[in-house]
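Just need the whole structure built from these sequences, with the hints factored in.
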Amino acid sequence: MKIERLPGPEDLAIDREEKILYVSSHERRIKNQLGKIFTIDLKNSSVPTELSVKYPPEFRPHGISLLKTKGTYRLYVISHPKFYEVHTIEIFERKGKEWSHVRTLTDPLLTSPNDLFVVSENEIFLSNDHGTGGVPRYLWDDLFEFKRAEISHYNGKNWSNLGNPLSFGNGILYTKDSQGNEFLYRSGYSDKSVFQFPIRREQGKPVLEEPKRIHIHSGPDNLEMDSQGRIFVVTHGSTYQFLRHVKNPNYHSPTQVFRISPDGNFQEVFATQGDLISAGSTAIPFEGRLYVAQVFNPYILNCKYTNSN
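Residue numbers for the sequence shown, in the UniProt record's numbering: 1 to 309.
Keep in mind the hints are simulated off the structure, nothing from the lab. Among the clues, some could well be false.
Claimed, not checked - SDA-like mimics (lysine to any residue), calculated; alpha carbons at most 20 Å apart, straight line:
1. Lys192 to Asn265
2. Lys68 to Thr39
3. Lys97 to Glu17
4. Lys304 to Gly274
5. Lys97 to Trp159
6. Lys68 to Lys31
7. Lys43 to Val86
8. Lys147 to Glu210
9. Lys31 to Val86
10. Lys176 to Ser227
11. Lys304 to Gly264
Keep in mind it's a predicted model, so treat the numbers as computed, not measured.
Below you can see the structure in the form of structure tokens.
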């Protein structure tokens, strides 16, 4: 079934305890359109509710990450106030039931931020999809698949470059296993792969070691983890069909969802040629349902999901 009235619901974040889904919503087909954040109460209703908060100027949300600790409840949202030129991370905080915008982060290393993962108030991993430069440089890099989209890291005070450039970096996800081993996963759209980086710490600073490449043969978008430590990635099977869909919502664009185990094995758990949902971007499994978001069209797909192999 469809959860509608959500223009361009590109990214999702979930609070599994409170059973709330957060949605980054932006109508990308209309020039200069601003965006919003919506919530969906998974306990009672499938009707989206706009987050009651004063948004910062020129708010155009993209990737989002929820930080929930004992004393903190925050949403970190990538925004593009001026496409190809100005990019920010907008921080919203909930106290009681009231939301407020509390801070804006920006830095030259946010060259074209696509997705982020917030580990704590003092650590953010961010994936850029392009390097520096305006529209001509973006198109040039896409045409020749130049690898200029790097990973940026925030330590609570400063941003640094973790390197590992790709041609069109996408989703990013941090994990820590029961033995304390840390990993960073990143989607490489042009590489049709998800990269798993072991993390080692040097005086607290993360250093990314040689990655394991998980070649899924389809262009990966955002990454989410289920309660069993498996990663769900939505992919775009055809760049050509995706680009046609950008211009015309009636042109379908294939969507696949893969589930990746910690050992790197993966399997397809959902697929459509685009009739059910086109240009899917994020998938989150929760309590027997799979919620699949998309880049453009105004709904999230709510599917029955059997949590098995």
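Status of the hints after comparison with the structure:
{"no.": "1", "hint": "Lys192 to Asn265", "in the structure": "holds (15 Å)"}
{"no.": "2", "hint": "Lys68 to Thr39", "in the structure": "holds (16 Å)"}
{"no.": "3", "hint": "Lys97 to Glu17", "in the structure": "holds (16 Å)"}
{"no.": "4", "hint": "Lys304 to Gly274", "in the structure": "holds (18 Å)"}
{"no.": "5", "hint": "Lys97 to Trp159", "in the structure": "violated (31 Å)"}
{"no.": "6", "hint": "Lys68 to Lys31", "in the structure": "violated (34 Å)"}
{"no.": "7", "hint": "Lys43 to Val86", "in the structure": "violated (38 Å)"}
{"no.": "8", "hint": "Lys147 to Glu210", "in the structure": "holds (17 Å)"}
{"no.": "9", "hint": "Lys31 to Val86", "in the structure": "holds (16 Å)"}
{"no.": "10", "hint": "Lys176 to Ser227", "in the structure": "holds (13 Å)"}
{"no.": "11", "hint": "Lys304 to Gly264", "in the structure": "violated (25 Å)"}
Violation of the numbered hints given earlier is confined to hints 5, 6, 7 and 11; the remaining hints are satisfied by the structure.
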